[in-house]
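Asker: For reference, the chains in residue letters:
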Amino acid sequence: MGAKNNPQKCLYCGGCVGVCPVSAIKLDETRIAIDNAKCIDCSACILICPVGANELVKGLKE
Amino acid sequence: MTPEHFDVIVIGLGPAGLVACRTLAEKKISVLGLDRKQEIGPPKRCAEGLGLAWFKRAKLKISPEWCVHKIYGATLFSPSGSSVTLKSKKLQGYILERKILEKHLAMDAVKKGAKIIAKSDVIEARREPGRVFLRVNNGGEEKQYSCGMVIACDGIDSLIARQLGLNTTNKLVDVDSGCQYEMTGISGYDPAVLNIYFGTDVAPRGYAWIFPKRKDTANVGIGIGGMQKETAKYYLDKFIASRQGLAKGSVIEANAGIIPVGGFLENMAKDSLLVAGDAAHHVDPVHGGGIGIAMEAGILAANVAAEAVHKKDFSEKFLSRYNKLWYETRGNELKKKLRVRHLLEQLSNDDFNYLADSLTIEEVMKIASADLDKPTKLIILGKKLVKRPGLAKIMLKYLN
Ligand SMILES: Cc1cc2nc3c(=O)[nH]c(=O)nc-3n(C[C@H](O)[C@H](O)[C@H](O)COP(=O)(O)OP(=O)(O)OC[C@H]3O[C@@H](n4cnc5c(N)ncnc54)[C@H](O)[C@@H]3O)c2cc1C
Ligand code: SF4
Ligand code: SF4
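So the sequence lines, in the order shown, correspond to chains F and X. When the letters of the first sequence are read in order and numbered with the numbering used here, they come out as residues 1 to 62. When the letters of the second sequence are read in order and numbered with the numbering used here, they come out as residues 1 to 400.
Worth flagging that the hints you see were computed from the coordinates, not collected in a lab. Take the hints with a grain of salt, since some may be wrong.
[As the list claims (entries may be wrong)] List of simulated lysine-lysine pairs, DSS-like, C-alpha gap at most 30 Å:
# : chain 1 : residue 1 : chain 2 : residue 2
1 : F       : K61       : X       : K171
2 : F       : K58       : F       : K4
3 : X       : K112      : X       : K59
4 : F       : K9        : X       : K37
If we strip away everything but chain F, and leave its shape as in the complex, we get (with noise of 0.2 Å):
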């Protein structure tokens, strides 16, 4: 799997990266960058998103 950011619904308020329990998430100040070689699926991201932007995908740690 690995986590996917949605750049359109995305208001880059940094709670993902509050929440990320391996610190894979940075915010570039307007942009989120996720390194999938850290992700651990723990799909806290998607619960805290204030606005869903972010969702679980299959294959992007390949």
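Position chain X with the ligands against the provided structure of chain F, taking the given hints into account.
Answerer: Same frame as chain F, now just chain X with the ligands:
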């Protein structure tokens, strides 16, 4: 190239970081403030409400430039729609124009001797013998700085404090997820007070708010517990659609953010590092307000950092006095408030309606105050809880 050196570098220039820069500059400490945003201030992740008492505590002028609307209290709406309005000197405050306030704070800090650079993303912080070394992305160009110590005011997404060994990560159960529109052309709310709406349908484990900025303009938002089925945006859109006065209005700004309401970090100091503001989870656990508390923590951290510079001692042992100061100034009070939060989380819609219908305003004020002890509060509630053993049990457990 030797990196430019400062006594203290403040990372993140929200309310906590800006006030920390100002305080250090006032003490003639060489200080650099860095923020990744292209502009100090926007976008806000905030409803901009600030109680009167915080202005004095944070040495902040009440100026019409950033205090755009006076507030005299709050009206709380229960799920059934009944309401209580609380007005008192203690509940007065202002709705801010945060972007203007933060620009002003930045200019003030610089006037006093601080240096501030926007569009400066700190990408790496590491300890080296006798200093902390920082790599910064300044508009696409790499810059390097060094300092005696860092104050991390890097907000909810605090990665720099984590790099320096303090785990600032939030647990899902300990955060609220917030969504807000600044709306104009709206009506149907009392512009003299904060309008607050409870109910598990409106905002599960949280509340919806209308914080007025004018008669026809307000921050309309919602905060919900961190593990709900639907998003905060879903509940906000539903809340707005269900109210004619809001549904006819226009959205002039969309904001989101998460709020660390589950209690602050036990330890906020490491070698060459202090953490303040949202990064240290410094918010009021009952209502989620964090501007004032962040500024207060920023001042405390700056005071300790200034002492550390004078003593040339940046060890965790020395810097730990910040923890003690924090507990004495605000921490102990917030610990108590965390219990009130736990109480509120236990209440069902029915409990809420029952309390709202059976208590007078004076009784609500007394129960909410920190000045009365538990037995006195239980006497006030006494008769009303006889018919509600479930509610009585919750009150007994969590009231302080
Ligand atoms: C929806 C919502 C409504 C709210 N309403 C209220 C309210 O009405 N009243 C109230 O008192 N509080 C409110 N709060 C809480 C309040 O907004 C925060 O507690 C407050 O902003 C915290 O201030 P801070 O200085 O700690 O962090 P922030 O204001 O978040 O500032 C952190 C800064 O650090 C910068 N940064 C982060 N990492 C780096 C890096 N690596 N390099 C450079 N810069 C970096 C960021 O760009 C940011 O500018 C609300 C919060 C939300 C989400
Ligand atoms: S929590 Fe959602 S809106 Fe906020 S930065 Fe992450 S993806 Fe974007
Ligand atoms: S799914 Fe979990 S580990 Fe992966 S990016 Fe999201 S929060 Fe981080």
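Asker: Next, verify each hint and record whether it holds.
Answerer: For each hint, the structure was consulted:
Restraint check: the Cα-Cα separation between K61/F and K171/X comes to about 25 Å, which is no more than 30 Å; the hinted pair holds. Between K58/F and K4/F the alpha-carbon distance is near 10 Å, which keeps this suggested pair within the 30 Å criterion. The suggested pairing of K112/X with K59/X holds, with an alpha-carbon distance near 14 Å, which does not exceed 30 Å. With a CA separation close to 19 Å, the supplied pair K9/F and K37/X stays within the 30 Å bound.
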